[in-house]
Every structure is written in structure tokens, then in C-alpha cells.
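Go ahead and model the full structure; you've got the sequences and the hints to work with.
Protein chains: 2
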Amino acid sequence: MAETYRVGLLGHGTVGAAFEQLLSERAEQIAHVTGVRPEVSGVLTRSRGDFDAILADSDLIVELIGGIEPARDYVLRAMRAGKHVVSANKLLLASHGEELWSTAREHNVQLRFEGAVAGVVPVIRVLQESLAAAHVDRIHGIVNGTTNFILTEMARGGTSYEAALARAQELGYAEADPAGDVSGEDAAAKMAILARLAFSTPVTLDQVIYEGIEHITGEDMAYARDFGLALKLIGTAERVNGGISVRVHPAFLYPGHPLASVNGSFNAVTVESDAITEITLSGPGAGGPQTASAVLGDVISAMIPPASTPETTQSLPVVADVKSAFYLAMEVDDEPGVLAQVAEILGMQGASIKSVVQRGIPAGRARLVMVIHPLLESRFYGAVQLLARMPFVHAEPRAIRVLDEEFTD
Amino acid sequence: MAETYRVGLLGHGTVGAAFEQLLSERAEQIAHVTGVRPEVSGVLTRSRGDFDAILADSDLIVELIGGIEPARDYVLRAMRAGKHVVSANKLLLASHGEELWSTAREHNVQLRFEGAVAGVVPVIRVLQESLAAAHVDRIHGIVNGTTNFILTEMARGGTSYEAALARAQELGYAEADPAGDVSGEDAAAKMAILARLAFSTPVTLDQVIYEGIEHITGEDMAYARDFGLALKLIGTAERVNGGISVRVHPAFLYPGHPLASVNGSFNAVTVESDAITEITLSGPGAGGPQTASAVLGDVISAMIPPASTPETTQSLPVVADVKSAFYLAMEVDDEPGVLAQVAEILGMQGASIKSVVQRGIPAGRARLVMVIHPLLESRFYGAVQLLARMPFVHAEPRAIRVLDEEFTD
Chain A
1 MAETYRVGLL
11 GHGTVGAAFE
21 QLLSERAEQI
31 AHVTGVRPEV
41 SGVLTRSRGD
51 FDAILADSDL
61 IVELIGGIEP
71 ARDYVLRAMR
81 AGKHVVSANK
91 LLLASHGEEL
101 WSTAREHNVQ
111 LRFEGAVAGV
121 VPVIRVLQES
131 LAAAHVDRIH
141 GIVNGTTNFI
151 LTEMARGGTS
161 YEAALARAQE
171 LGYAEADPAG
181 DVSGEDAAAK
191 MAILARLAFS
201 TPVTLDQVIY
211 EGIEHITGED
221 MAYARDFGLA
231 LKLIGTAERV
241 NGGISVRVHP
251 AFLYPGHPLA
261 SVNGSFNAVT
271 VESDAITEIT
281 LSGPGAGGPQ
291 TASAVLGDVI
301 SAMIPPASTP
311 ETTQSLPVVA
321 DVKSAFYLAM
331 EVDDEPGVLA
341 QVAEILGMQG
351 ASIKSVVQRG
361 IPAGRARLVM
371 VIHPLLESRF
381 YGAVQLLARM
391 PFVHAEPRAI
401 RVLDEEFTD
Chain B
1 MAETYRVGLL
11 GHGTVGAAFE
21 QLLSERAEQI
31 AHVTGVRPEV
41 SGVLTRSRGD
51 FDAILADSDL
61 IVELIGGIEP
71 ARDYVLRAMR
81 AGKHVVSANK
91 LLLASHGEEL
101 WSTAREHNVQ
111 LRFEGAVAGV
121 VPVIRVLQES
131 LAAAHVDRIH
141 GIVNGTTNFI
151 LTEMARGGTS
161 YEAALARAQE
171 LGYAEADPAG
181 DVSGEDAAAK
191 MAILARLAFS
201 TPVTLDQVIY
211 EGIEHITGED
221 MAYARDFGLA
231 LKLIGTAERV
241 NGGISVRVHP
251 AFLYPGHPLA
261 SVNGSFNAVT
271 VESDAITEIT
281 LSGPGAGGPQ
291 TASAVLGDVI
301 SAMIPPASTP
311 ETTQSLPVVA
321 DVKSAFYLAM
331 EVDDEPGVLA
341 QVAEILGMQG
351 ASIKSVVQRG
361 IPAGRARLVM
371 VIHPLLESRF
381 YGAVQLLARM
391 PFVHAEPRAI
401 RVLDEEFTD
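Going line by line, the protein sequences match chains A and B.
Here the first sequence is numbered in UniProt numbering, starting from 1 and rising by one per residue.
Here the second sequence is numbered in UniProt numbering, starting from 1 and rising by one per residue.
Take the hints with a grain of salt, since some may be wrong.
[To be verified] Pairwise CB distance ranges (calculated):
no.	chain 1	residue 1	chain 2	residue 2	range
1	A	24	B	357	33 to 41 Å
2	A	388	B	357	52 to 60 Å
3	B	39	A	81	34 to 42 Å
4	B	17	A	225	44 to 52 Å
Keep in mind that the hints were calculated from the coordinates and are not lab data.
Since we're looking at a predicted model, the values are computed, not measured.
All C-beta atoms, glycine included, are put in the ideal place defined by N, C-alpha and C.
Right, dumping it as C-alpha cells:
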């Protein structure tokens, strides 16, 4: 029976509740990875729990209250009591980061905050660990899912800002009061944190210039399409003339830009550095389960020094035959009935045609190219063997897999 | 003066030489982050150095020899001697991983290998740390830069496989003997490692089904364009029917797929899990400096337990005025000479027009929309103020930034 690791939870809103559930679901696996079983030892909300009692009874504090006070006070007291802290509080870190980080160093505890920026996209860990000694030149980020969702809606449907915002609210991507998101302030707090880590210089929210998306019109989007541009709310932190610039504003991107294709409520961050050219990280932005997953990753990291690779926990069979969609190209006689026969042979093996192109080529032949819906590879190749033997098929049929039909627009 | 941390370097090829240089360039910054200054204490190549002497004189061993033996023997002996090991050797890990990882656990040392998969793209760290307790459902990866470069060339230029391979060799993206890459074997070794970490089940290279790109024709590419598909060499590791499937083969992707736009020698990995939906990580694939950067990140992590955020090292000025390109939209009188006057006013402020669209709208007016080359924002807004005062300009001119002209195709 693994020893228990006691996690005190401050705050029990969307993220807090998702975190508590995820922790209990994954406790077994975590015990395997870390040798210690985590459990929530106490929960503090406005109506229940006592901070001092929870603190005394915890090995680590998870702060998901948000806002400056009392979160700041609790986090400082926890660290002074020698407890590690995991927080997803971007406003707190962007406003009082140096105070918190110096307290962590002084008391030799960890303060982790992956959940504060870009949800489950592991940009904090990558900046602090993978790129710990890299010379970062620039960061570009789409770090607010609400505004990216609204802009994506506007671009897709030619809708107005107001209509897209209403839709985002309806689907739960925007709050009833969306000001913090659409003004760019939320993104600005996140960019302050990223700039601090990337450039090792103090940066606070009040130093970040930001502009929101409230003034963007459907007409801007339409004209921009003429230039091949996509509009995003972009956070930038970069070195300029011996200083740095940290800012958030709507910006058009050319199609080749790695952030141009980040759509909906997704977040993404691009880190540029001479040694690495650039890394792009993308994934779902803050949402209850995603942020909870980032918080849990931090909790696990705080529980143990970096582990060697744990023993395998299972011995799963490695399967050879799976379902795939296929592209199938054949050279056939250019005669009536050939396509029907091909479809019949495919159908016998359970293969159904999704789309097809037929073009005449010299010598009374046609090139028949199709995409086949997913089926077991063994059955598909069975059909191909049958087809290859048909007198109206010339040369070997060519088959190439097609990935993930679900991504079709 | 910081204490010294001695790094023994095995192998001095492209990556080894790049690593040695990067370590010396970044030693100062690393000493700040870790409190300890790393230095190369010995180098082993075919012609110089003695393994036992280097081992005795090192705190950590970096293995960049490649291949199975003698790399396996050296890595095992280093760990048995209580030294941490950082390796970029995918073949060794995909073939003898369990032996190495169990030796690391037994001797309580770290074995890190970020550089073995996807160069600087931090997929190993994300799987082992951020997603340590996540239930991963599927991984898709473009994990071989050579083949992705060749396929990108074929798609862009309509070139044959042979011509694209020759071009990759000319530019140094493919070896003189490209068999390991184009056959899919290199990608298969990487997928074996990712599958092992994601599913916590033993997977070795010989269990991975792989198919290369040698048989892909320019004609496949051309027909695929009719279906809107992009061809990539895709590694897949996924759960199927209580087992797992690990395989590498060419596959077409629909345009919405996160890997469809990964071009040239870039690598990218998508990790899918219920809790997180999906994360995509992308960046330059293995190259000397990129792999060296991944190796250095591992060395730094091995040097210290996860640090609290280090003190800031500098106090950089936060700059407000930077250069940007702009989209500028105005409603103007639809008369001759207006565009010339606009251009003149812009020119006075140093703003030059990159592209322009003018369309008539009702009431004798025109909508004039343009993209302006980058200039200091203060100068651009100066021009906008001048324009707003002109009698032929109606309503407020609308300005939105355009990011990164360099990404224009």
C-alpha cells in the first residue's frame, strides 16, 4: 500500500471540481509513477473549510481561487510553511510573481503554474526546463481561447463580432461578462508571465500594452481574405533594441505562419530561438478538464524529483490489423460497367467508396482514383488482390492510407 | 564562483560537436539557473579518449555515438557507476529500452533521451511529465525530417520521388545512404519509444510495422490534390481492442488535420487523450544544433531537481514603440488622385504600400484597403492621423497589425 500524499485544494469552481475528480480517477496510476498515492486532504471554498487546518494537513497546496486576494496571502503562507504550491492563477503571477517566486526560492519549495497559461499546452514547462538555458528571441501566442473562438466564428461565417460573441456565450466559450477576455487583458497577463520566464527579466501585467477585438468588423475579415490573411488575437514578447516589447493585439497572419491555422478555442505558442529555430505547441485552451490536467501534471512533478522511466504496468498485445481509410488508384479499361464492377468487388469485402475521380488516358484506358471509407486493412487488401486479377485492371492497383476521416471539413 | 559539473561526452559527430559548442556558449546562463557550472570533462571518439578515465572524471555521461554497441555497454556501465546518462540514441532505446530503464531505476540515476525523438520538439518530456498520469489514447507523429522534406518537395514542385530525394541530399536533409529514413525504420524506432512511454507497455522496434515512401509517385500527389489531401509519413501508436497498434506508413491527411500543414524537415507529434482532447508539438526535426539543444535541456534537468523559478538576471527596459506591418482600411471619395495623395501622406511618414484593393461603394465613395510594409508604430499612427484629417477621407481609418511579412509565400 503506497504512502499517502496530501493535497489541500483552495477553490472548488469549474477547475477545482474537475481537478478533484481527475485526481481520484488517476490516483492509482500516479501511485505507480511516483510511489506515493495522492488524495485531497481538504477543500477550501467561501462557505466551507478552514485554511490553517487544511494547510496543517497537506503536503502540497493547489490554489484555484483566482484573483489577487486572498489567493496571494494563502500562497505566501503555504510556501512559508514549507509546502509546495501549484496555482493556475495568471492574474496573481502576472502581478505579484517576483514576490511569490522569491518566497519559493527562500523556503526551498516549488511553485508550479502550468495551468495559468494556455491550459494543457505545456509552455511553462518547456520554457523552464527544455529551454532553461536557451536564448529566446521571441514568443508569439494565441493564449485566449474565447477570443480565438470568436474570431474563428467571424472568419468562418462572415458573422459580426456581436453575433460571434453571442454564440461563444451560448456554447460556454465566453463568460456572461466577457470584458477580461475580449479586451485582451487576460492574454496580456499570460504574456507577462511568458516574457518573465523567457527573458529572465521582471515583467508585470501593467507593463503590457494590449488591445482587444471589440472593434473588429466582419468587413475587415472579408477584405483581409482578399490578401489571404487570417485574423488572430496575438500576444508577442520579443527582444527589441536591448529591451523587450510585450504586447497583445489583433493581427493578421499570412497563411504560412504556424499560428494561422489555430482555430476555435485552441491556444498555441511559438517560441523562437537561434539554437532551435522555433517550436510550436498547441492544444485546447483553458477549460475545466484541460486546466485540471495541467494542474495535475504539476502536482505529480512536485511529488517526486524527475523520475527515471517507471516500469511498464502492462503487457498489451501489439495488434497488426487495424481499420484505415484508403486512397486507391487503378488503371482500367475505359468502358461502361467497369466502375460498377470495381464497386461490387470492393463491396464484397465491405469497402465503400467515399469519393471517386475517373479520367481518360491514352490507349482506351482510364485512371480511376478513389477514397475508400475505413475498413480492416486485411479486408481492404483482400479486395485489392481480387481487383488486381480482373481483366479490366491493368498494372498493380496503388493503395495509400488516408488518415482520420473525422477531420474532413 | 559556481561549482563545476563535469559532463563526459561520448561521440563527436555533428550532434556531439554542436553540443560541446552550445554547452560552452550557455555555461554562464546554466550556472545561473542551476547554481553549478557545466563543462565537458572528456570526449571519447574512435581515435581519442578512454572510456573508463572519462567515466571516472564525470558527473554525467552524454552518449551521442549512435547504434547499439558499444553505446549500450557504455550507457549501462555509466549508470552502474551511479552516473546520470543523457542519450539521443533512438535505435538503442527502441531495441534495449527496458534493460536500460530498469538499470537506471536500480541504480537510482536518471536516463534522459529527449534528443532521441523529434529533435527539439519536447515530446518525451511532455509524455513523461505533463502527461505522467494521463490516459493516452493515440499518438500521431511526423518524426522523420528527411522523408517529410522529400514529400513536401514532391507536393510543391510536382517532382518525382527520385528528384526530391536528390534535392534533399544536395541540401543535407538526407544522407548519401538514405535507406534508414526512406524505409520508415528510423520513424518506427521513434514510434516504439513513444508507444512505450504513452501506454506503459513494452514495445520494441521489431514489433512496429513500417512502410516507407520509396513507392510514392508524383501522380499519387497530383490525384490526391483533387481530393484536397496532403501526403505525410505518419507514425501511429494507438489503443485498439485491448491491445495497441504501432505502425509507420505514408498516409494522406485532410486539410483540417493538425499534421497536414507540417512541411519541410519539421517534425510534429499529436497526443490524444480524453482529459486533454489533443496537444500538438512541432518544430525542427533532428539536426545538429536542434538535437544538441534537446540534449542540453536534458543535461540541465539532470543537474538539478526541478527548480523554483530563478531570480531575474536582468532588468530589461520594456519598449512601447516597435515596427509592425499594417492593414489599413479607409472610406474615400471615389475620385482620381485620391490614391496618389494617400500614398504621398503615407510616404511622408516612411510608410510604403505592399498591396492595395479599391472598390466602389455607394454615394460616390470607394473603400480603399491596403497592407503597409513594417514601420515604427508611432510613425504609422502619425500617418493615420494625417489621413483622418484629409477632406477626401470619410469615417475613421481602420488599422490592424499584420504579423511577420517573412512568412509570405
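Hint check results:
no. : hint                      : verdict
1   : A:24 / B:357: 33 to 41 Å  : violated, 57 Å
2   : A:388 / B:357: 52 to 60 Å : holds, 53 Å
3   : B:39 / A:81: 34 to 42 Å   : holds, 38 Å
4   : B:17 / A:225: 44 to 52 Å  : holds, 48 Å
Going down the numbered hints, you'll see the structure goes against just number 1.
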